[in-house]
Amino acid sequence: MSKAFFLFLWALAAVLFLTSLPGSTVAVEFIEIVEEQVAEQNRNINGFRIEHFDQWVFSNQQEIAGAKTQLLERLEAEANSIQSTCDLSDEQKEKLLLAGRGDIQVFTQLYAATKAKFAENLKKGDQQAVQNIWQEIQPLKRKYHGLIFGEGSLFEKVLGHLLDEQQTARIEKLRREQRKFQYQSAVMLLISQFDRAAPFTHENREKLLALIYEHSRPPKSFTGENHSHYVTYYLLGQMSEIPEDELHPLFEEAAWKVVKQQIKQGKRMKRNLEKRGLVPEEEE
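According to the working numbering, the stretch in the sequence shown is residues 32 to 315, in order.
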């Protein structure tokens, strides 16, 4: 028997008693209080509340209105970058913007439907369904934090029709350079994390940097949401390709034991990372 249903039975018994007393308005007021408590119980299952939904999707205190504004700003910046790189006409740029606004509309519709489902399950007190909603939130998070105008989007499809071979080559070169810059920044961040735990000599730091670049490739795409966290695991997984007899001597023994475990964890996360688009880009 659910807590909400037990509360309802208890309230019913109390109301039957109170209605037999003079001044039945007391019973009415009592019913209103109990109804609010039942509603609160339905809104709060294992600490989940409707207010949490936007925090889960956007990873901050932002609501959908602010999120749409940010997406429109990102769309404008992306279209401007492509226009300057590929010499698009204003008419071609407008087609890109129209497609991107379509992607934003699809996102907001999916957001609204998923949030309504979450609210309905809270209202019903369906604890399992409320917990399962996290799986449905993940595509929303990935779209909002970097993939909304990526592969499979209206924006990308329209872009493919607009560009000729030379323009396509330019945009692919631009994106490779952007990924390379992000990748190099991620590698330097990882090495600095190792360095804080057990400082390297300058020579060993340079050797480690060279080994990582030699045995790893930038991911095919970078997700925006918590990307540094996942890219760190991506790099650790890539480091599993480095021969141990070359990597081990660069670390003090105590530090190596920790690093070795982290590399194993990165390798184990390979499938999870692939779902987030973190797969090595194809070699040129």
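Hints in this document: simulated from the structure, not taken from any laboratory. Mixed in with the good hints, there may be bad ones.
Lysine-lysine pairs mimicking DSS-like chemistry, simulated, CA-CA at most 27 Å apart [claimed, not checked]:
1. K172 / K306
2. K99 / K251
3. K295 / K306
4. K126 / K251
Label-pair restraints from in silico Cβ distances [claimed, not checked]:
5. I95 / Q292: 16 to 24 Å
6. K155 / Y244: 51 to 59 Å
7. Q169 / H192: 23 to 31 Å
8. R206 / E277: 27 to 35 Å
9. I95 / K298: 36 to 44 Å
10. I202 / P230: 36 to 44 Å
11. E284 / L205: 38 to 46 Å
12. G181 / A160: 24 to 32 Å
13. L103 / E208: 20 to 28 Å
14. E122 / E237: 26 to 34 Å
Glycine is no exception: its CB is placed at the ideal position from the N, C-alpha and C atoms.
Going through the hints against the structure:
no. : hint                    : result
1   : K172 / K306             : holds, 13 Å
2   : K99 / K251              : holds, 26 Å
3   : K295 / K306             : holds, 19 Å
4   : K126 / K251             : holds, 26 Å
5   : I95 / Q292: 16 to 24 Å  : violated, 41 Å
6   : K155 / Y244: 51 to 59 Å : holds, 54 Å
7   : Q169 / H192: 23 to 31 Å : holds, 30 Å
8   : R206 / E277: 27 to 35 Å : holds, 31 Å
9   : I95 / K298: 36 to 44 Å  : holds, 38 Å
10  : I202 / P230: 36 to 44 Å : holds, 42 Å
11  : E284 / L205: 38 to 46 Å : holds, 44 Å
12  : G181 / A160: 24 to 32 Å : holds, 30 Å
13  : L103 / E208: 20 to 28 Å : holds, 25 Å
14  : E122 / E237: 26 to 34 Å : violated, 50 Å
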